Amino acid sequence: MLRQKRDICFEQIVMHIGKGDLVDIIANPNQNKYPGQKILIVDINGYIWLVPFVQEQENVYFL
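In full-length UniProt numbering, the protein residues as written are 1 to 63.
Among the hints, a few may not be true.
Said to hold, decoys possible - Restraint ranges, calculated between C-beta atoms of paired labels, are given here:
#1 Glu11 to Asn32: 18 to 26 Å
#2 Asp7 to Glu56: 27 to 35 Å
#3 Glu56 to Lys33: 13 to 21 Å
#4 Val14 to Gln57: 30 to 38 Å
#5 Val60 to Gln31: 16 to 24 Å
#6 Ile17 to Gln57: 16 to 24 Å
#7 Asn32 to Asp7: 18 to 26 Å
Keep in mind that the hints were calculated from the coordinates and are not lab data. This one's a predicted model, so the numbers in the text were calculated from it and none came from an experiment. Glycine residues also receive a C-beta, built at the ideal position from the N, C-alpha and C atoms.
Turn these sequences into a full structure, and let the hints guide you.
What follows is the structure in structure tokens.
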């Protein structure tokens, strides 16, 4: 579904993070609606992607 809507897949995002294209990790600014959610900021070929996720102990859930 991500590939159909955004022309990118989860594996590509992971690859770019592994290559060092992670710009920052921020808390979601709307913690009232999305408590505990953070956002990966990833630069993929000059385009910034925001990847929401939740980390619980040792598990990470990409949303």
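Verification of the hints:
Glu11 and Asn32 have their C-beta atoms about 32 Å apart, which leaves the hinted 18 to 26 Å range violated. Distance hint for Asp7 and Glu56: a CB-CB separation of about 30 Å, consistent with the stated range 27 to 35 Å. In this structure the supplied range 13 to 21 Å holds for Glu56 paired with Lys33, their Cβ-Cβ distance being about 18 Å. Between Val14 and Gln57 the beta carbon distance is about 20 Å. The supplied range of 30 to 38 Å is therefore violated.
At about 18 Å, the CB distance of Val60 to Gln31 agrees with the hint of 16 to 24 Å. Hint check: Ile17 to Gln57, Cβ distance near 20 Å, so the stated range 16 to 24 Å holds. At roughly 32 Å, the beta carbons of Asn32 and Asp7 sit outside the given window of 18 to 26 Å.
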